[in-house]
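Participant: The residues making up each chain are set out below.
There are 2 protein chains.
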Amino acid sequence: MTAKRPDLVTIADVAQHAGVAVSTVSYVLSAKRAISAATRERVLASIATLGFQPNAGARALASRRANVIALVLPLRTGMHLPILMQLMTAVVTGARGHDHDVLIMTADEGPDGLRRVADSSMVDGVVVMDVELSDPRVPVLRELRRPSVLIGFPADPSGLTCVDLDFHRAGARCVEELVALGHRGVALLGAPAVVYTRGTGFAHRTRTGFLAAVEKAEVSGVAWPCEEDQVSVATTLRDLLRRHPNTTGIVVHNEAAVDHVMRLLPSLGRRVPRDMSVIAICPDQVAERTRPALSSVSIPADEIGKQAVALLMAKLAGPPPPAATLLTPVLTVRSSTDRRQR
Amino acid sequence: MTAKRPDLVTIADVAQHAGVAVSTVSYVLSAKRAISAATRERVLASIATLGFQPNAGARALASRRANVIALVLPLRTGMHLPILMQLMTAVVTGARGHDHDVLIMTADEGPDGLRRVADSSMVDGVVVMDVELSDPRVPVLRELRRPSVLIGFPADPSGLTCVDLDFHRAGARCVEELVALGHRGVALLGAPAVVYTRGTGFAHRTRTGFLAAVEKAEVSGVAWPCEEDQVSVATTLRDLLRRHPNTTGIVVHNEAAVDHVMRLLPSLGRRVPRDMSVIAICPDQVAERTRPALSSVSIPADEIGKQAVALLMAKLAGPPPPAATLLTPVLTVRSSTDRRQR
DNA sequence: GCGGGTGGTCGAAGCGCTTCGACAATGGTG
DNA sequence: CACCATTGTCGAAGCGCTTCGACCACCCGC
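Note that the protein sequences, when read in sequence, are chains A and B. Take the first sequence: its position 201, counting from 1, is numbered 201 in UniProt numbering, and each next residue is one higher. Take the second sequence: its position 91, counting from 1, is numbered 91 in UniProt numbering, and each next residue is one higher.
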């Protein structure tokens, strides 16, 4: 039996019903002043029976806090969709945990959109997904009168708060693992070429991490881009094995290509893991569904989203939190890696 | 050279700068009263130089319109992600076209979440994606004090505004096409079994449409659910061809399985389209990237999202629009269908 | 040339909430 | 026992905007 639903229940109705002042109701809700237990109970009861729900606009106006954050979607959809969704869900859930709601903006609203929602006090802060190395929204973010957190790193992250998986370490970690297993010829199959040319940070960072580790370990290693369709993957893989026949370990940083790679390798005479060890950088669910299951560095979208929100809330609350949060990559060994056979 | 950025520009600042009353500025912005061209120019100029952006909270409070709509994500992620994203983008873009922003809510906020955002006047209306046949959110929607539009149909759509592709017609249309090409044994490969048991409307409707058309055309036809992984698809397909060897036309309503089906059919001795015609119900981009390209009924996510917003805006503006909007399926013939060979 | 539109502008009253200062009523302290 | 902090509550002043009624010029028609 739901309460009657009058057209609009205001805080004044609650106050009257409970026999207290409007301000008292407000303080019960915000706990910014001490309220006696008896009064609190009474007010809470009135709120419940009347089905009072504070008016968001009025609250925002008076408190100068909208309790809403903006989430800006990626510029282009090169991003792996499942990761994107996970990230989104994590941000929304995280925000709700801090009593905030989430406004979404498509990237094509661009810098002006950011200004609009920020300057209209519609949102208290902004989370930008999938920032690119030279992203037109970044300068705007800097001069915005509201705090922001970036998921991903632009070329110059100074003055900004960024979160991401430490892809540099991730690339290196994969090499180290392969080297530890005795592999002396390794390769990185990365994102499609266009992703590098348009300057998406995580692709670059994985590559430099990979190459740095290759150099340090004094093994031979190459980093190739890789398209996403089966035919291109086949071509790329064939080329790779022809030009670098000593390759016995491959790192794949490309969710869409990973299935194809696993399927094609045996048909190119390389059984996994016996003849070829494969490590992916991808979400766990992708790694777990291939045969054999992939050893992988997971992309912890949930954690990234949660962190992004936490950082934004910290900025809203007070002194600036650390500028850069790099999550340490975790490598899970499954069945696609093995000691090098001699 | 951007204007100086004082801490907050209000409508009063604009009024003073332009030498008019606050209300005049408001009327320039809303055009709800006639304003002389001269004054308008002056006010607009002041707005531009001061970089005025109306405060969303104040506006919402005074006008009782937040200019925000809520978009509720699907309950479970059985939905094809690309479609979901397209839908989301279309809704956001559509909303912006009507000068509204979009708040996202994950489904696990549930009915209470809906009440919260609606009763707090945080949003003016609600769009719910991927409604299920018996959806706990539906009764809440009915008694909500704000208009809503559903994407998809619940079991009982009375009193609600719903939009969707006419999946019943889509299923029938595919059969008709195959029959017209001379096929007398057809099959529907649908969504995973769990999708039917949990009562997702579009899967059911496609099936009933398919079966009705089969009966009407007096051909033989079966409708099977179909899992999404390659192994299951192979099993299902093999079973199907064994138990119904006279099948020469297949309708696939399962984005994830469609690639596998196309790849597996030749290895089961059925070349497409020579031995087997295939029609998919899927987004165009999926249909276009297979070899051979798939004849398909497209799922017009953009159009659905646009319609949903348009309907919501209509409800906000005045008299209720049509309760049900069923988009007519369009079949595009590509290379996966052919006359039945005798 | 006078009454009645009508186009253009203003002032003020809210919208529903938060928050600040004020003020009883306590209770502990010297 | 007078004094001062505390604790709990209230009233009122905004927050920045929309909107309503009022008002003043006009211009038109008769």
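Honestly, I wouldn't trust all of these hints.
[Stated by the list, open to error] Covered stretches of chain B, going by a simulated chain A footprint (3 or more residues, C-beta under 8 Å):
| no. | segment |
| --- | --- |
| 1 | 15 to 24 |
| 2 | 102 to 116 |
| 3 | 119 to 133 |
| 4 | 158 to 168 |
[Claimed, not checked] If you anchor each label on the Cβ, the simulated ranges turn out as follows:
| no. | chain 1 | residue 1 | chain 2 | residue 2 | range |
| --- | --- | --- | --- | --- | --- |
| 5 | B | L81 | A | S158 | 21 to 27 Å |
| 6 | B | L326 | A | D239 | 33 to 39 Å |
| 7 | B | P319 | A | S30 | 38 to 44 Å |
| 8 | A | T197 | B | L316 | 43 to 49 Å |
| 9 | A | R271 | B | R142 | 30 to 36 Å |
| 10 | B | H98 | A | H244 | 54 to 60 Å |
| 11 | A | P245 | B | L326 | 54 to 60 Å |
| 12 | A | P266 | B | H98 | 36 to 42 Å |
| 13 | B | H98 | A | L44 | 54 to 60 Å |
| 14 | B | R289 | A | H244 | 38 to 44 Å |
| 15 | A | E288 | B | L316 | 42 to 48 Å |
| 16 | A | E176 | B | L8 | 51 to 57 Å |
| 17 | A | E143 | B | S63 | 36 to 42 Å |
Everything labelled a hint here was simulated from the structure, so no lab data went into it. Beta carbons are placed, not taken as given, at the ideal position from N, Cα and C, and that holds for glycine.
Participant: Take the hints in turn and mark each one as holding or not.
Facilitator: Consistency of the hints with the structure:
{"no.": "1", "hint": "15 to 24", "result": "violated (count 0)"}
{"no.": "2", "hint": "102 to 116", "result": "holds (count 9)"}
{"no.": "3", "hint": "119 to 133", "result": "holds (count 4)"}
{"no.": "4", "hint": "158 to 168", "result": "violated (count 0)"}
{"no.": "5", "hint": "B:L81 to A:S158: 21 to 27 Å", "result": "35 Å, violated"}
{"no.": "6", "hint": "B:L326 to A:D239: 33 to 39 Å", "result": "50 Å, violated"}
{"no.": "7", "hint": "B:P319 to A:S30: 38 to 44 Å", "result": "41 Å, holds"}
{"no.": "8", "hint": "A:T197 to B:L316: 43 to 49 Å", "result": "44 Å, holds"}
{"no.": "9", "hint": "A:R271 to B:R142: 30 to 36 Å", "result": "59 Å, violated"}
{"no.": "10", "hint": "B:H98 to A:H244: 54 to 60 Å", "result": "56 Å, holds"}
{"no.": "11", "hint": "A:P245 to B:L326: 54 to 60 Å", "result": "59 Å, holds"}
{"no.": "12", "hint": "A:P266 to B:H98: 36 to 42 Å", "result": "54 Å, violated"}
{"no.": "13", "hint": "B:H98 to A:L44: 54 to 60 Å", "result": "39 Å, violated"}
{"no.": "14", "hint": "B:R289 to A:H244: 38 to 44 Å", "result": "30 Å, violated"}
{"no.": "15", "hint": "A:E288 to B:L316: 42 to 48 Å", "result": "46 Å, holds"}
{"no.": "16", "hint": "A:E176 to B:L8: 51 to 57 Å", "result": "52 Å, holds"}
{"no.": "17", "hint": "A:E143 to B:S63: 36 to 42 Å", "result": "29 Å, violated"}
Hints 1, 4, 5, 6, 9, 12, 13, 14, 17 from the list above are not met by this structure, while the remaining hints are.
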